[in-house]
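Trainee: Sequence:
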Amino acid sequence: MESTSSRSASDRLRGSLTLILITISAGLIFGRILAVDSIPDRAVQEYRLARIPQTLRDKAKELKEKGLSDDAVKARLQETALRLRADALKARPTLSANDRSRWLTIRALAEPESRVYRYLPLDADGNRKPRYTEREILRNTPAGSPDSIDSANRSGKYLKEWVPYAVDKALETPGWDTIDMVKHGLSDEEFDPADPYSGYLYSSKPTLLPTLMAGVYWVWLRVTGLSLRDHPFLVARVLLVVYNLIPLTLGWFFMGRLIERFGGDDEKTSDWTKLFAVGALCFGTFLSTFAVTLNNHLPGAAAIMIALYAAARILADGDSRGRYFFAAGLFGALAVACELPAVLIALLICLALLFRFPKKTALVSIPAGLAVAAAFFGTNILAHGTFRPAYSQKRDHIALAKAEHPAETDRFLVTSFDPNDWYIYRFFPGTAKRDPKNARMSYWSDRQGVDRGEPSRARYAFHALLGHHGLFSLSPIWLLSVAGACIWLFRGPGTGRRLFAGGVLLTALFFFVFYVSRNQGDRSYGGMTCGLRWFFPLIPFWILTMIPALDRLGRTRAGRAAALILLLLSAISVAYPLWNPWSHPWILNLTFGR
Numbered sequence: 058m059e060s061t062s063s064r065s066a067s068d069r070l071r072g073s074l075t076l077i078l079i080t081i082s083a084g085l086i087f088g089r090i091l092a093v094d095s096i097p098d099r100a101v102q103e104y105r106l107a108r109i110p111q112t113l114r115d116k117a118k119e120l121k122e123k124g125l126s127d128d129a130v131k132a133r134l135q136e137t138a139l140r141l142r143a144d145a146l147k148a149r150p151t152l153s154a155n156d157r158s159r160w161l162t163i164r165a166l167a168e169p170e171s172r173v174y175r176y177l178p179l180d181a182d183g184n185r186k187p188r189y190t191e192r193e194i195l196r197n198t199p200a201g202s203p204d205s206i207d208s209a210n211r212s213g214k215y216l217k218e219w220v221p222y223a224v225d226k227a228l229e230t231p232g233w234d235t236i237d238m239v240k241h242g243l244s245d246e247e248f249d250p251a252d253p254y255s256g257y258l259y260s261s262k263p264t265l266l267p268t269l270m271a272g273v274y275w276v277w278l279r280v281t282g283l284s285l286r287d288h289p290f291l292v293a294r295v296l297l298v299v300y301n302l303i304p305l306t307l308g309w310f311f312m313g314r315l316i317e318r319f320g321g322d323d324e325k326t327s328d329w330t331k332l333f334a335v336g337a338l339c340f341g342t343f344l345s346t347f348a349v350t351l352n353n354h355l356p357g358a359a360a361i362m363i364a365l366y367a368a369a370r371i372l373a374d375g376d377s378r379g380r381y382f383f384a385a386g387l388f389g390a391l392a393v394a395c396e397l398p399a400v401l402i403a404l405l406i407c408l409a410l411l412f413r414f415p416k417k418t419a420l421v422s423i424p425a426g427l428a429v430a431a432a433f434f435g436t437n438i439l440a441h442g443t444f445r446p447a448y449s450q451k452r453d454h455i456a457l458a459k460a461e462h463p464a465e466t467d468r469f470l471v472t473s474f475d476p477n478d479w480y481i482y483r484f485f486p487g488t489a490k491r492d493p494k495n496a497r498m499s500y501w502s503d504r505q506g507v508d509r510g511e512p513s514r515a516r517y518a519f520h521a522l523l524g525h526h527g528l529f530s531l532s533p534i535w536l537l538s539v540a541g542a543c544i545w546l547f548r549g550p551g552t553g554r555r556l557f558a559g560g561v562l563l564t565a566l567f568f569f570v571f572y573v574s575r576n577q578g579d580r581s582y583g584g585m586t587c588g589l590r591w592f593f594p595l596i597p598f599w600i601l602t603m604i605p606a607l608d609r610l611g612r613t614r615a616g617r618a619a620a621l622i623l624l625l626l627s628a629i630s631v632a633y634p635l636w637n638p639w640s641h642p643w644i645l646n647l648t649f650g651r
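FYI, the numbering used here numbers position 320 of the sequence shown as 377, with every residue one higher than the one before it.
Keep in mind that a hint or two might mislead.
To be verified - If you anchor each label on the Cβ, the simulated ranges turn out as follows:
id : residue 1 : residue 2 : range
1  : Lys123    : Thr443    : 57 to 63 Å
2  : Arg380    : His462    : 54 to 60 Å
3  : Asn576    : Val299    : 35 to 41 Å
4  : Thr552    : Arg612    : 24 to 30 Å
5  : Ile629    : Arg318    : 41 to 47 Å
6  : Gln505    : Arg445    : 25 to 31 Å
7  : Arg491    : Leu283    : 52 to 58 Å
8  : Leu408    : Arg142    : 26 to 32 Å
9  : Val298    : Asp68     : 29 to 35 Å
10 : Asn576    : Asn495    : 46 to 52 Å
11 : Leu556    : Gln505    : 42 to 48 Å
Unchecked claim - Restricting the straight-line Cα-Cα distance to at most 35 Å, the calculated cross-link-like pairs of lysine-lysine (DSBU-like) are:
id : residue 1 : residue 2
12 : Lys416    : Lys459
13 : Lys116    : Lys131
14 : Lys116    : Lys494
15 : Lys459    : Lys214
16 : Lys459    : Lys417
17 : Lys459    : Lys186
18 : Lys217    : Lys459
19 : Lys186    : Lys490
20 : Lys490    : Lys214
21 : Lys118    : Lys459
22 : Lys131    : Lys494
23 : Lys417    : Lys451
24 : Lys217    : Lys490
If you are wondering where the hints come from, they were derived from the structure by calculation, not from laboratory data.
Just so it is clear, CB atoms sit at the ideal spot from N, CA and C, and this is done for glycine as well.
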């Protein structure tokens, strides 16, 4: 039996090692954020820039042969050089259409020059009409905007209105294109999705998270004057530290406290168990992989970590101070705002708190959660005029394509328009001239690659668990979590841990059934991504439930070796997409010889 003093020294050492592991992981992420870059675009940029001098020499020779004067040649070469350089500058700190979609909303809210305004003609009495046709409305974007729109507004014939969350103006910046956008009109406008001039473009992502992020960017913009439009690399890297690294590190800190609180019932294996769990948290999950890109999964997971810690302080330690009830309600609801299926997690936490402390939960936790819900739906109404998030405003495109074009067996083409389907529309690319011949159909009218979805639910379930995007094939440490949850469920040291393990298994089953039961278009493994990102909200729970399995494996050298092999394989999956998490997993690339 260890003495109290020796155990205290062991606790202090373990606490120090936990902080060291968290610090190292945070430092590695910080370094990757400082170097964040779209590597393929950077390669194209360097190649095109290197070719500019030779292109200009060839151009000069051609112009001189045509008999142009030296001044004319010089002017034409300057014009050509500017065009070639603008075309060559492809490098950007955004790594996919997914994160650019969120960045566009942030820019549209915070940058005055990236906001979309509409100009509504007034009647003879200076009143607005109850409804407008598309051709009546003027804008500050090239689509439908006159050359003298400011003077038109000053004449008093037009009413200038900001169109919040519309990204048409931000899209005009070269390199900020995305496929993750929807299109719709406003309540007083006629909207025709087949008309590229009609309606406004928006990010398809929920509005609350980018609104909160835009607040941080707005402060940065007012203090420094440096914008994402003009200084994309510097500003994006600074904001990624604020948006991703700080919340994740804070979440790790609270998870370290939880691991220390619930880890290691067996004193002989306690130190090994707890340090392994912290190491798996910092180096064995995809959360650190996604820290270099703007996304909803990392903030959602960090919110769950904080809510889980607050709930544990209340339920396990009996600490009934109001701040823990507030944190549990606020961050539990924020997790739902980031990840819709996390509603079950928030509900289970709320029910547990209500059962033990009904009064404080009703007076503190629930109002805090309702405030987040109000902000979630309020920003959505402000942006889209409805409670329903933009991503839900669509038809079943795969079924529709099969019905419209049954002879097309190698593609899913949707050619019919519906004003209530915000994903199928014609639009002008942000940098293109607003000419009808330049109008394009949205990407979702003719999906490509993994976005076509998996036709077989059984095959999708297999690959989601054990295949090329598998939870257990890419991150085999979760096998320990399932085993540990079963140990706590059937042999738990107390009712609390048995209920916790049962809740974790129930939530994991809910997530799995929810995503497997989706229609084919949504069975896409999360799109072009290195892991099954839909399950990231469960990571904090799985880290804790692996503890009893680690206790048992830690008793023997062979058991510890097996656990370390599982961690090694998981770390390989985490490190494989080092520069860009929006890439295929190594198993998929290996399978197809990429």
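Trainee: Take the hints in turn and mark each one as holding or not.
Mentor: Right, here's what the structure says about each hint:
Hint check: Lys123 to Thr443, Cβ distance near 59 Å, so the stated range 57 to 63 Å holds. Range check, Arg380 to His462: about 58 Å between beta-carbon atoms, so the 54 to 60 Å window is met. Range check, Asn576 to Val299: Cβ separation about 37 Å, and the 35 to 41 Å hint holds. Thr552 and Arg612 have their C-beta atoms about 26 Å apart, which keeps the hinted 24 to 30 Å range intact.
The supplied range of 41 to 47 Å is broken by Ile629 and Arg318, whose beta-carbon atoms lie about 30 Å from each other. Roughly 27 Å separates the CB atoms of Gln505 and Arg445, a value that falls within the hinted 25 to 31 Å. Look at Arg491 against Leu283: about 30 Å separates their beta carbons, and that is not inside 52 to 58 Å. Range check, Leu408 to Arg142: about 60 Å between beta-carbon atoms, so the 26 to 32 Å window is missed.
Checked against the hint of 29 to 35 Å, the C-beta distance between Val298 and Asp68 comes to roughly 31 Å, which is consistent with it. Between Asn576 and Asn495 the beta carbon distance is about 32 Å. The supplied range of 46 to 52 Å is therefore violated. At about 45 Å, the CB distance of Leu556 to Gln505 agrees with the hint of 42 to 48 Å. For the given pair, Lys416 sits about 54 Å from Lys459 by alpha-carbon distance, which is inconsistent with the 35 Å threshold.
A hinted pair counts as satisfied when its Cα atoms are at most 35 Å apart, and Lys116 with Lys131 qualifies at roughly 11 Å. For the proposed pair Lys116 and Lys494, the alpha carbon gap of about 29 Å is at most 35 Å, so the pair holds. For the suggested pair Lys459 and Lys214, the alpha carbons sit about 49 Å apart, so the restraint of at most 35 Å is broken. Among the hinted pairs, Lys459 with Lys417 is inconsistent with the structure: their alpha-carbon atoms are about 54 Å apart, more than 35 Å.
Annotation: proposed proximity of Lys459 to Lys186 is violated, straight-line Cα distance about 42 Å (limit 35 Å). The hinted pair formed by Lys217 and Lys459 fails the criterion: a straight-line CA distance of about 44 Å is larger than 35 Å. Taking the CA atoms of Lys186 and Lys490, the gap is about 30 Å. The hint holds against a cut of 35 Å. Taken as a hint, the Lys490 and Lys214 pair is honoured in the structure, with Cα atoms around 27 Å apart against an allowance of 35 Å.
Between Lys118 and Lys459 the CA atoms are separated by roughly 55 Å; this puts the pair beyond 35 Å, and the hint is violated. For a cut-off of 35 Å, the pair hint linking Lys131 to Lys494 stands: about 33 Å separates their Cα positions. With a C-alpha separation of about 41 Å, the suggested pair Lys417 and Lys451 falls outside the 35 Å cut-off, and the hint is violated. Simply put, Lys217 and Lys490 have alpha-carbon atoms about 24 Å apart, close enough for the 35 Å limit, and the pair holds.
Hints 5, 7, 8, 10, 12, 15, 16, 17, 18, 21 and 23 from the earlier list are contradicted by this structure; the remaining hints agree with it.
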